[in-house]
Amino acid sequence: MKRLVLLSAATVVTLAMMSSPGLAQRKVTLNVISAGDQNMVDYVRDYLGPQFEKSHPDVAVKAVGTGPGDAGSQKIYEKLMAEKSSASWDIDVAVIHQKAAGDMIREKLLASYTKDVPTSKYVTSASATNALGTDATGYVIPMFNSQTAIAYNSDMVKNPPASYDELVKWVDANPNKFGYNGIKGGMSGVSFVVGWVYANAPDAEKLMKGPYDPATKASWDPAFAKLKEFNKKVVLTPGNAGTLDMLGRGEIEMGPVWVDMFYTWQADGKLPPSVKLKLIGPGMPGQPMYYVIPAKAANTKLAEEFIALATSPKVQADGIVKRFNWYPGIDATAVKSQLDDATWNKLFVDVTPQDLASKGKTFPITPYFNDILEGYEKKVQ
Amino acid sequence: MREARLFMLLLVLPALSVVLALFVYPLGLSLASAFTAKDGTATLENFAKTYQLYGDDILFTFLIVAVSTVVIGALAAAIGGYLILGENPRAVAFLKWLYRWPLFIPFIVAAQCMRTFLAKNGLMNNTFDSLGLINLQSAVGLLDWRGIIVTFVWKQTPFVALLVAGAMASLDRSTMEAARNLGAGRVRILVEIVLPQVAQVMVVGLILSFVTMLSVLSVPIMVSGGSPAMLTVDMAFRINSYGDYGTANALGFISYAMTGIAAWVYLRRGVSGGGRP
Chain A
776 MKRLVLLSAA TVVTLAMMSS PGLAQRKVTL NVISAGDQNM VDYVRDYLGP QFEKSHPDVA
836 VKAVGTGPGD AGSQKIYEKL MAEKSSASWD IDVAVIHQKA AGDMIREKLL ASYTKDVPTS
896 KYVTSASATN ALGTDATGYV IPMFNSQTAI AYNSDMVKNP PASYDELVKW VDANPNKFGY
956 NGIKGGMSGV SFVVGWVYAN APDAEKLMKG PYDPATKASW DPAFAKLKEF NKKVVLTPGN
1016 AGTLDMLGRG EIEMGPVWVD MFYTWQADGK LPPSVKLKLI GPGMPGQPMY YVIPAKAANT
1076 KLAEEFIALA TSPKVQADGI VKRFNWYPGI DATAVKSQLD DATWNKLFVD VTPQDLASKG
1136 KTFPITPYFN DILEGYEKKV Q
Chain B
441 MREARLFMLL LVLPALSVVL ALFVYPLGLS LASAFTAKDG TATLENFAKT YQLYGDDILF
501 TFLIVAVSTV VIGALAAAIG GYLILGENPR AVAFLKWLYR WPLFIPFIVA AQCMRTFLAK
561 NGLMNNTFDS LGLINLQSAV GLLDWRGIIV TFVWKQTPFV ALLVAGAMAS LDRSTMEAAR
621 NLGAGRVRIL VEIVLPQVAQ VMVVGLILSF VTMLSVLSVP IMVSGGSPAM LTVDMAFRIN
681 SYGDYGTANA LGFISYAMTG IAAWVYLRRG VSGGGRP
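Chains A and B supply the protein sequences, listed in that same order. Going by our numbering, the final residue of the first sequence carries number 1156, and the count climbs one at a time with no gaps. Going by our numbering, the final residue of the second sequence carries number 717, and the count climbs one at a time with no gaps.
Calculated directly from the structure, the hints in this document are not laboratory data. Hints may be right or wrong, so weigh each one.
As the list claims (entries may be wrong) - The list that follows gives simulated cross-link-like pairs (lysine-lysine, DSS-like), each with its CA atoms no further than 30 Å apart:
1) K478(B) / K952(A)
2) K536(B) / K1154(A)
3) K560(B) / K992(A)
Stated by the list, open to error - Cβ pair distances, simulated, as ranges:
4) A948(A) / P546(B): 38 to 46 Å
5) L453(B) / S861(A): 26 to 34 Å
6) G495(B) / P1057(A): 45 to 53 Å
7) V549(B) / T904(A): 55 to 63 Å
Being a predicted model, the structure only gives us computed values, none of them experimental. All C-beta atoms in this analysis are idealised placements derived from N, C-alpha and C, irrespective of residue type, glycine included.
Please model the complete structure; the sequences and the hints are all you need to start from.
Below you can see the structure in the form of structure tokens.
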């Protein structure tokens, strides 16, 4: 009996060995590694990958996720640092956040590739040349842009505040009805805090554009003192999803959220239709995610072709806008012609393109960003 | 003789190398990093920063885990006690079947369930509301430090109860029966006769729980949004937001110190128990 089991096991192994090398020899594997939630991996595996494999029959696209938030990008950064001295790296295309992009450009881990990709002519956003203070020209093409805004329940809140100052007054009148997730539970809270500093600091423009001056952070003390006071009258939620959960259950009436998450949750029926968005002044930050190619990628040519597909107006329209409710990474006018009006309008109904242009900010340059987070840890918590 | 010794060394080698490579080496690296500045020089700056920013969190973490441990101990004693002293065989059988379930549920799943269960308008308060026990308008959510304790206790009690109940079951029943004959109540038998005899096992179970809870990231990050935060959350934040391994490792060092004390108690127990940990 035992012998029979062994024999059959051996047969299976042999068969597997005989069949797989044939496959492996024919196919080139394009490794796409992505920070962000599982939906980013699914997007490459179920949507982009099959399209690319169709036009490149000899290529197999392999999608790997490294986890949400800056932590996911940090892992990609650390992996490339570890591989730095080897001749060829096993990542062909990476999708990363702004903060890591700056670090990776400075460490010379990325290839300057956009000149070889035809769709780079559609790239117009400022974030394509500036990754939180690092010159990113040539190294990145935005996959999408995402924005934070304040979600509010229009059944309870008839006149939503239009600015941070009005929000403070609203919270004074309605204690424990506003919720956000601090700075340790996800980026929507971080974004709210950064917007708060922009609204209350004397020199918001300098925080976004530089140059860095370590003395600047002292000027935020009144802003943080005010935020500490504000925090006593709000609910601290567990995470980005925690804020949306509480809005959905009616425990809070207002809170900062990512626009794409908001629309996805609403489409899934997890948020009532009465919850709406408002981008409050002077502005709240948003961020893109970038397509990048590591400097020593094994399949640079294929990687460029993959990114060209991913940033084509058609894919940006169907994949980025329609499927995920993200704002397109390339110029919106190039994408608009590919979409029906209903889809287009849905994305811009609460937050208008004018709002986005005037109140959609970037995150501060990295050293200021770190100062803001640490200032919050020191003076607000 | 020498050959035998060499052979023995060979036998131990695989296990030893795994321990060295996957535990001792990373531990050393992490300790070294806690005392190293970004430019590579030796420093205590990471600890200064830890104290300045996370002093409250260290205390908070210790209190959360300590309170959880105490509650777990009390509940485990109660469960184990009922299993041997309970008089309704059906209730005993039911409890025996029921109490182990959380053991098979990962922390992250438990945390996810608690998020919807303990929220202000969550399952628990809604149930109480429909039973007329509370008014939902004035209800409070438990998604803060209380939520962390509830989740920890819910998840770890079965583990300690399992150990303790096993030890209780193997006790000589004659002492309990003698006490009962003399008129002692069940609580008194549990506290004065049963628990002293299983104290060794109880302490070991609680120490293992203490160390486990200290290392959990998912529960505090998912259940509680507010501050103070637990050390694991701070460590993750330090790395993910600043790429600052120095301070994260300094926080880790404080975590080791807490578990180290627990481990010391554990080992001392082992030695006094005749080398049986």
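So, going through the hints one by one against the coordinates:
1. K478(B) / K952(A): violated (42 Å)
2. K536(B) / K1154(A): violated (50 Å)
3. K560(B) / K992(A): violated (37 Å)
4. A948(A) / P546(B): 38 to 46 Å: holds (43 Å)
5. L453(B) / S861(A): 26 to 34 Å: About 30 Å separates the Cβ atoms of L453(B) and S861(A), which means 26 to 34 Å holds.
6. G495(B) / P1057(A): 45 to 53 Å: This hint is violated: roughly 35 Å between Cβ atoms.
7. V549(B) / T904(A): 55 to 63 Å: Since V549(B) and T904(A) have Cβ atoms about 44 Å apart, the given range 55 to 63 Å is violated.
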